[in-house]
Amino acid sequence: MNRNAVIEKVVWGFLCCLMALSLAILVFVLAAVIAKGLPAIDWEFLSQVSRNFGAAGGILYQTLGTLILMAGAVLVSLPVALGAALLQTEYLRSERIKKTLRHLIYSLNGVPTILFGLAGYMIFGVYLEAGVSWLTGTLILAVMILPTLQVSIQEAIEALPEKYRDAGTALGLTPWEMVRSVILPQSIFGIVTGVLLGLARAAGETAAIMFTATTFSGILLPQTWTDPVPTLQTHILILAQEALSPQAIANAWGAGLVLLTLVFVLILAAHYFRGRIPMESER
Amino acid sequence: MNSHPFPLAVECCDASVSYNGKPVLEKISVGIPEKNVTGVIGPSGSGKSTLLRTFCRMNDRVPGFWVQGQVRVGGDEIYADDVDVYQLRRKVGMVFQTPCVFPTSIFENAIFGLKRLFPHLKKEFSTKGEQALREAGLWEEVKDRLHKPAVTLSLGQQQRLAIARSLAIDPEILLMDEPTSALDPKSSQAVEELILALKTRHTIVLVTHNLAQARRVADRLIFLREGKIWEAGTTEELFNSPAMPETRAYLAGHGDFA
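Protein sequence lines correspond, in order, to chains A and B.
Letter by letter, the first sequence follows residues 3 to 285 in my numbering.
Letter by letter, the second sequence follows residues 426 to 683 in my numbering.
Read the hints as simulated data drawn from the structure, not as lab findings.
Glycine is no exception: its CB is placed at the ideal position from the N, C-alpha and C atoms.
Be careful, since some hints might not be right.
Stated by the list, open to error - Among the chain B residues that face chain A by a calculated CB cut under 7 Å, a handful are: (1) PRO488; (2) PHE490; (3) TYR511; (4) ARG515; (5) MET519; (6) THR523; (7) GLY538; (8) ARG541; (9) PHE543; (10) ARG640.
Stated by the list, open to error - According to the in silico footprint, chain A covers these stretches of chain B (three or more CB under 8 Å from chain A): (11) 526 to 537; (12) 581 to 591.
Said to hold, decoys possible - The calculated lysine-lysine pairs, modelled on BS3-like cross-linking and capped at a C-alpha distance of 25 Å, are: (13) LYS100(A) / LYS447(B); (14) LYS165(A) / LYS452(B); (15) LYS624(B) / LYS553(B); (16) LYS548(B) / LYS165(A); (17) LYS547(B) / LYS573(B).
Just chain B, with the same shape it has in the complex (with noise of 0.2 Å):
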C-alpha cells in the first residue's frame, strides 16, 4: 500500500460549522491519526454527525450550511475554492445510520461507485467486487448468490454490503455514522469486527451512541458537547481518568440524559 506523508488524516484548526447563522460546532481544533478508530461520542444534538460530515463536505448541499477555519483531509484544505469536492469523497467514504442498498443485485451494489468513477476498469470489476465483499466479511455469505436482490439480505448483512460498496472504491478514511444503531446485537458484532478488520489499512472515525461499542473498538476518543471538543484522548484516558466532570458524567451514563 501507499504510504502516506502525513500522520494525520484528518486535521481541524479553530473549524467552526453553522446552519444559517446558528452555531453548531465551534473551533474545534482537533488531529485524527491515520489507521485508528477515532471514537466520536456525546449526547444527541452535540454535532458529532455535523463534524463527521464536514469531513467529506457531505453538507454542501444544505443550503445556509458554512464552514470557518481550517479541515485539512492528508495534509490538504478541503474547504479551499479548487477543490475537486468528488475526488475528496472518493478518498473519505462514508457509511450511514441505516443501511442503503440500491434496487440491484449484491454485486451490481458492492462496484455500485467503482463501475461509475472508473468505468475504464471494466475488466477489474470481478476481482474487485470480490476483494471488497471479502474486505468487508461478507464474501462467503454472498458467494452463492451475487446475483440475487441486495434487499433479500439481512439489515446486517446490508449495512455490510454498503461498506463494500465504499471499500470498493478504496477509500484511506471511512466515516460511520452510528453504522449499528438500526442492527440486531448479532449484526452489530459483525460490523464491529470489521472494523477492527480494516484499521490495518484505513482510517476510521466512528459515530456511536454506544460507550460499550466506544470502548471495544475505538482506539481514540473525541467527547464531543454543545458543539464543542470537551475532551480528547485514547480511549483509556477518557475512561479511566476523564479530566472533565462532563466527561465522567457522560461515560457513567448519565450524560445523555441529564
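Isolated chain A, as found in the complex (with noise of 0.2 Å):
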C-alpha cells in the first residue's frame, strides 16, 4: 500500500470514528430521555395538573403553556417574515439593500438567545409594561424565531423555477397579483416547512423564556394577556436544579420526553412538507 492511500485510510477512519462519537451521544441523550421519562408518562400525566411542585400530577399546564407560546410565536412572527420574503424577493432591485438585508437577518440568527431575553423583557415586558406575562414571552420568542422563519421562506420562494414567474410576468400581473396568484400558492410547501422548523426551535427554547413568560407554579392558563403561563422547559429545568424526591426528578424526565416528542413531530411534518417541493415544480 502506498502513503497517499494510508493517508486515505487513516482520514477516512478518524472521521468515521468522529461520526460514530457525535451519533453515540445523540443515541444516548434518546435513550437516556425515553428511558427515564417513560416510566413516569401515562393519560394522567398528560391530562392533569401538577401538584405538589411536580412532585406529583402531570404537565398538563405546562405543555398547553409550551403550546401557547409557540403558536403566538409563529403567528407574530410569520405575517413579518412573509412581508419580508417578498419585499427582498418580488418588490426590492437594489442588489445592495438585499445583500445588507440578508447580513442583518443571519446575524440576527446568531445573537445568544439570552440576549434576545434580556433586550426583549426590556421593551415588552418593562418598557410596554407586560411584565412576565405569556404575551411577552411569545413576542420575544416571535423575534427569536423571525430569522429561521425568514429565511426558509425566502428560500422557498426562490427555488420556484423562473418559468412561473416568467409566465406572470408576460401577463401583465403586477408584484401583488404575482404574490397572490403565482408566488404563494406555488410555494406553500417551503412556507409549512419553514413554519414547521421554527416552531421546533421555539419549542427548544429555554433561556429566552426562562424570566420573561414563565413562573414555576401556581398558575393556570391566562386570564389575562399580562399573566405568565407555566411551560414544560422551564418546567424541565427548575425539577432537575431544585427537587429532592425522586418522584419530581422522574416528571422532569417525563416532561423531557413529551417536549422531545413535540420536536421530533414538527421536524418530521417539516421534512414530509420539504418532500413535496420537487413534485410542486413538476406538476
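Two independent chains are provided; combine them into the complex using the hints.
Encoded structure:
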C-alpha cells in the first residue's frame, strides 16, 4: 500500500470515529430520555395539573403553556417573515440593500437567545409594561424565530422555477397579483416547512422565556394578557435543579420526553412537506 | 377589430442593451410591421432572446439590465419613465421555450391572466376562455375535460394552452421565444399552423433556431449576429439573395456551428 492510500485510510477512519461519537451522544440522549421518561408517562401525567411542586400530578398546563407560546410566536412572526421575504424577492431591486438585509437577518440568527430574553424583556416586559407574561414570552420568541422563518420562506420562494414567474410577468401581472396567484400558491409547502422548523426552534428554547414568560408554580391558563404561563422547558429546568423527591425527578424526565416528542413530530412534518416541494415544480 | 394608426408594431432606433455594462445588443434599428410574422434568427448567444424580451420589458427584474436608445411599441416609447409596464405587457404577450402551465385546471389556465387583470369581466370568462382556446386550436381537444389538471395535456397541448392564456387578454403583439424547440414534430406543426392563423389579427415575433420553420412561417426575417442586426428583409430576400456572406453561411447551415 502506498503512502497516499495509507493517509486516505487514516482520514477515513478518523472521520468514522467522529461520526460514531456524535451518533453515540445522540443515541445516548435519546435512550436516556426515553428510558427515564417513559415510566413517568401515562394518561394521568398528560391530562392532570401538576401538584406538590411537580412531585405529583401531571404536566397539562405546562404542555398547554408551551403550545400557547409556540403558536403565538408563529402567529406573530409569520406575517413579518413572509412580508420581509416577499419584499426582498418581489419588490426590492437594489442588490446592495438586499445583501445588507440578508446579513442583518443572519446576524440576528446568531444572537445568543439569552440576549433576546434580556432585550425583549426590557422592551415588552418593562417598557410596554407586559411584565413576566405569556405575551412578553410570545413576542420574544416571535423575534427569535423570525430569522429562521424568514430565511426558509425566502429560500422556498427563490426555489420556485423561473418559468412560472416569467409566465406571470408576461401576462402583465402586477407584483402583488404575482404574489397572490403565482408565488404564494406555488411555494406553500416550502413556507409550511419554514413554519414548522420555526416552531421546533421555539419549542426547544428555554433561556429567553425562563425569566420573561413563566413562573414555576401556582399558575394555570392565562386569564389576561399579562399572566405568566408554565412551560415544559422551565418545568424541566426547575425540577432538575431543585427537586428532591425521586418522583419529581422522574416527572422532569417525563416532561422532557413529551417536549422531545413534540419537536420530533414538528421536524418529521417539516421533512414531509419539504419532500413535496420537488413535486410542485414537476406538476 | 380596432385599426392601428401605426404601420409598425415595434420600432427600435439605435437601441443598445447591456447587462452590468456588458453589451448584448448594439445599436439595433429595425421596424416590425403589424400583422406579420417576423422571424428572428441567428447563432446561439447572438442576443435573439434578449431582443424579444426587450419588447415587453421582461428583463426589468434582471440586475444590471440597461437599455439605451429608443424602443417603441405602437408608436410609444416603452422605456420612458411614465410607462405603465403592466399595461404594456398586456398589449405585448410572450410565450416561452418550455411550455409553462400553472398547477390548476385547463380552463383556469386559459383564463389565468384574464381573471386577475379584468376581474370585473367575470361574466365573460367562460366565453372568452372558450374563444381563446378556439383561437389556439385547442378547443376541440380539451372541451370535454376543461376541468382536468393542465399537466395531463401533452407538451404540445400545454404550449398551445400557454398561447391561449396569452390570447385571452387579447394582446396586439405576441412574442414567441423558440416555442417549438421543446416539442415533437407533430406538435411543432400544430403550433406553426397556429402562428399562421394568428397573424391575421396579431403581430408575431418569432425567435427560432429552426431555419426550415423560419422559412415556412416568417414573412420577414431579422438575422442577428454578435448582438448586431446583420441583415433584415423579407424571408425570400434573405434565403434567395442574402447580401452578407455571414447570412449566407448561416442559412446554409454552417452558421450555428462555426
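Outcome of the hint check:
no., hint, in the structure
1, PRO488, "5 Å, holds"
2, PHE490, "10 Å, violated"
3, TYR511, "5 Å, holds"
4, ARG515, "4 Å, holds"
5, MET519, "4 Å, holds"
6, THR523, "6 Å, holds"
7, GLY538, "4 Å, holds"
8, ARG541, "5 Å, holds"
9, PHE543, "11 Å, violated"
10, ARG640, "27 Å, violated"
11, 526 to 537, "holds (count 3)"
12, 581 to 591, "holds (count 3)"
13, LYS100(A) / LYS447(B), "23 Å, holds"
14, LYS165(A) / LYS452(B), "29 Å, violated"
15, LYS624(B) / LYS553(B), "19 Å, holds"
16, LYS548(B) / LYS165(A), "30 Å, violated"
17, LYS547(B) / LYS573(B), "21 Å, holds"
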